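Residue strings, one per chain:
Number of protein chains: 2
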Amino acid sequence: MGTELLDAFAQKYKLLLDSELRTLVSKLDSPPIIKESMIYSLEAGGKRIRPLLLFATLAAFGADPQKGLHAAAAIEMIHTYSLIHDDLPSMDNDDLRRGKPTNHKVFGDATAILAGDALLTYSFEVMANIPHEFATDTTKLKLVIELAKAAGTEGMVGGQIADMEAEGKSLTLDELEYIHVHKTGKLLKFSVLAGAIIAGASQNQLENLSAFAHHLGLAFQIQDDILDLVGNQQLIGKPVGSDTTNHKSTYPQLLSIEGATAALHKQINLSKEHLGMTGLNTNLLMEITDLVASRDH
Amino acid sequence: MGTELLDAFAQKYKLLLDSELRTLVSKLDSPPIIKESMIYSLEAGGKRIRPLLLFATLAAFGADPQKGLHAAAAIEMIHTYSLIHDDLPSMDNDDLRRGKPTNHKVFGDATAILAGDALLTYSFEVMANIPHEFATDTTKLKLVIELAKAAGTEGMVGGQIADMEAEGKSLTLDELEYIHVHKTGKLLKFSVLAGAIIAGASQNQLENLSAFAHHLGLAFQIQDDILDLVGNQQLIGKPVGSDTTNHKSTYPQLLSIEGATAALHKQINLSKEHLGMTGLNTNLLMEITDLVASRDH
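Respectively, the protein sequence lines represent chains U and E. In case it helps, the working numbering puts the first sequence at residues 962 to 1258. In case it helps, the working numbering puts the second sequence at residues 962 to 1258.
Warning: the hint list may mix true and false statements.
Since the list gives no way to pick one copy over another, a pair counts as held whenever it fits inside one copy or between any two copies.
Stated by the list, open to error - With a straight-line Cα cutoff of 27 Å, these simulated DSS-like cross-link-like pairs (lysine-lysine) come out:
hint : residue 1 : residue 2
1    : 1103      : 988
2    : 1209      : 1130
3    : 1130      : 1066
4    : 1209      : 1227
5    : 1209      : 1061
6    : 1008      : 975
For the record, the hints were derived by calculation from the structure and aren't laboratory data. Fair warning: this is a prediction, and the values are worked out from it, not measured in the lab.
Whenever a hint applies, use it, and build me the whole structure from the sequences.
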């Protein structure tokens, strides 16, 4: 997807993460069907963008990215639980995700709800159990608290509720931004911050990385909206124009395609500006940022 | 419900807990509807048996029960989330709980799912945020990990899955016990252990309190099954005999009423025996145990 350097890095840590996720669930002393259901969705072919951000942030500090393996697994569990619950009939009612039947189509609604609950619960256990050579107890507690904030009603769940309330309404740009900042932005931002916290970042670095991730998250979402309008259906995995059909407010709709493209570049520039102020070796993070701006799916 | 001593104790800490729960949710910077939904179920009139066990355990150590206020709130959030999700149409499909419309009947299925997710997520934040004068970082991390184990697939969620798989089947006594030990027992046990951990219990005390809570949980469940068969419908809040109608395996069905009553008393005796070995002032815990054996709803 990117240069050879980023590709090799992403590939290496994706394999490590996939293996860690499987190990973490397999070792649970639990009824087999719930473990199957959890693993089914964890292995449903995500891009692992949040873990990649976490690993690349650790690399920017010159730290061993493996220090972030548990935190990355915890974050991916939260992301996966949110997809399982979002896909349920009483939420988005999606039968397919990334071309595969959604969790509840395979395991039934009740087990899907519980698999989501189980992944959410386990993520905190995994985060609290980071090996002590990678994080002190104080650091682990901070990670637990920030993960809960990013995932809860002040973060992802709050964004999801706001998104549901927005259905069928025309939104202002501020309302649209609230939804994206919360629904997807807070967990993306936490992925960067978790790496920074584990690496022992200074307050100034935390602030710049936080701003970097905030703008990157918005850029990601604007590009999503643009792709929905002009993208290739096969590459993006859902019908082009489905947001319009579903009467969802989008950046191109509020700003026109040209305006949305300008907003995208503004967010990309802001995120790079903050990256530049960290004093870190941000090659990989810069590359990821460029990819967000130029991705076609 | 009990003696004046227990009644006054239960009343005092129930009021403190109710107020704490409301404060914790109210202060969230989140869309109002999700906070309303969370508070609706938190205030739906539960007996607060888990918090009472936690507070009474702290009292047994001569510690200030208020030290357990945050942990009690976290546990009650987990218990409440589990009720919201259990009541959903794709789970037990219950319209009423304790005589009030269930969460999804008032707020809709999607918001109910998210309110459950939000309470589950917030409980870990609340636990990790116990004020430092009540618990060290190491203690708080231990509480987070044990809460996750009690609530997850090795605890409550695992029991719920096993219960679903058991529907329409005749169970052995071991299978029935697996369900109860996990579905309700693990969180009850954790309520006692959380108090003990905060109070700084010795390993030996932890083991005896753990055994106490294990047997108390089983006693509670056996009495539940007996009441379902012979209880007063008005007092227990559901039709007498509904387990039989729903083809659920129960203790009286496997052991006869006499056998179940004997099993109840055996569990009560075992729990008291272990309490007696803690060397603590267990008046309140003994009283709670007697209440479980003699309760009529």
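- Message: One pair to classify: residue 1209 and residue 1061, alpha carbons no more than 27 Å apart. Within, between, both, or neither?
- Response: within (24 Å within a copy, 35 Å between copies)
- Query: Between copies, within a copy, both or neither: which fits residue 1209 and residue 1227 at Cα up to 27 Å?
  - Reply: The answer is within: 23 Å in one copy meets 27 Å, while 61 Å across copies does not.
- Up to 27 Å CA-CA - residue 1130 versus residue 1209, copy category: For residue 1209 and residue 1130, only the intra-copy Cα distance (8 Å) is at most 27 Å; the inter-copy one is 46 Å.
- How would you classify residue 1008 and residue 975 at a CA-CA limit of 27 Å: within, between, both, or neither? within (9 Å within a copy, 47 Å between copies)
- Message: With identical chains, the pair residue 1103 and residue 988 could be close in the same copy or across copies; at 27 Å between alpha carbons, which is it: within, between, both, or neither?
- Response: Answer is both: 26 Å inside a copy and 20 Å across each meet the 27 Å cutoff.
- At 27 Å max between alpha carbons, let me know whether residue 1130 reaches residue 1066 within a copy, between copies, both or neither. between (30 Å within a copy, 24 Å between copies)
Checked against the numbered hints listed earlier, the structure breaks none of them; every hint is satisfied.
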